[in-house]
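Numbering-wise, the sequence shown is residues 65 to 177 according to the working numbering.
Calculated cross-link-like contacts (lysine to aspartate or glutamate; reagent style EDC-like; alpha-carbon spacing at most 20 angstroms):
no.: 1; residue 1: Lys169; residue 2: Glu114
no.: 2; residue 1: Lys169; residue 2: Asp135
no.: 3; residue 1: Lys124; residue 2: Asp75
no.: 4; residue 1: Lys169; residue 2: Asp104
no.: 5; residue 1: Lys164; residue 2: Glu114
no.: 6; residue 1: Lys124; residue 2: Glu158
no.: 7; residue 1: Lys169; residue 2: Glu105
no.: 8; residue 1: Lys164; residue 2: Asp135
no.: 9; residue 1: Lys124; residue 2: Asp104
no.: 10; residue 1: Lys124; residue 2: Glu72
no.: 11; residue 1: Lys131; residue 2: Asp104
no.: 12; residue 1: Lys128; residue 2: Glu72
no.: 13; residue 1: Lys169; residue 2: Glu158
no.: 14; residue 1: Lys131; residue 2: Glu105
no.: 15; residue 1: Lys164; residue 2: Asp88
no.: 16; residue 1: Lys124; residue 2: Asp135
no.: 17; residue 1: Lys169; residue 2: Asp88
no.: 18; residue 1: Lys169; residue 2: Asp125
no.: 19; residue 1: Lys128; residue 2: Glu105
no.: 20; residue 1: Lys124; residue 2: Asp145
no.: 21; residue 1: Lys124; residue 2: Glu105
no.: 22; residue 1: Lys128; residue 2: Asp104
Calculated directly from the structure, the hints in this document are not laboratory data.
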Amino acid sequence: MIRLYSNENFDFQVVQHLRHLGFDVLTAFEAGNANQRIPDELVLAFAISENRALLTFNRKDFFKLHKSVPDHTGIIACTYDANYERLANRINQEITTAGKHLSRKLIRVYRPA
Numbered sequence: 065m066i067r068l069y070s071n072e073n074f075d076f077q078v079v080q081h082l083r084h085l086g087f088d089v090l091t092a093f094e095a096g097n098a099n100q101r102i103p104d105e106l107v108l109a110f111a112i113s114e115n116r117a118l119l120t121f122n123r124k125d126f127f128k129l130h131k132s133v134p135d136h137t138g139i140i141a142c143t144y145d146a147n148y149e150r151l152a153n154r155i156n157q158e159i160t161t162a163g164k165h166l167s168r169k170l171i172r173v174y175r176p177a
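Please put together the full structure from these sequences, using the hints given.
Right under this line is the structure:
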């Protein structure tokens, strides 16, 4: 089972849809990491320590972190989509395409045109 950690800025409605699809998703709020202005490097470090791929809308910063910290448990960077179910389905599709192991992978999930 793929384990995910949703960054503080990630919509809970998407998390709910991902859980419905069978993903184990821990939110920043559930982990006690919300509203603390935790630097992105520490957000990624927490995901790594929990052996979870990171879900985020903060694409640019985590693209940079992927390059500077390549030994991570996976980063899934998404463009915002208010259709939460559609976004969850696209994330599911991209994870399925990437395979069972997301380590060291940067997955980009874009909103359809």
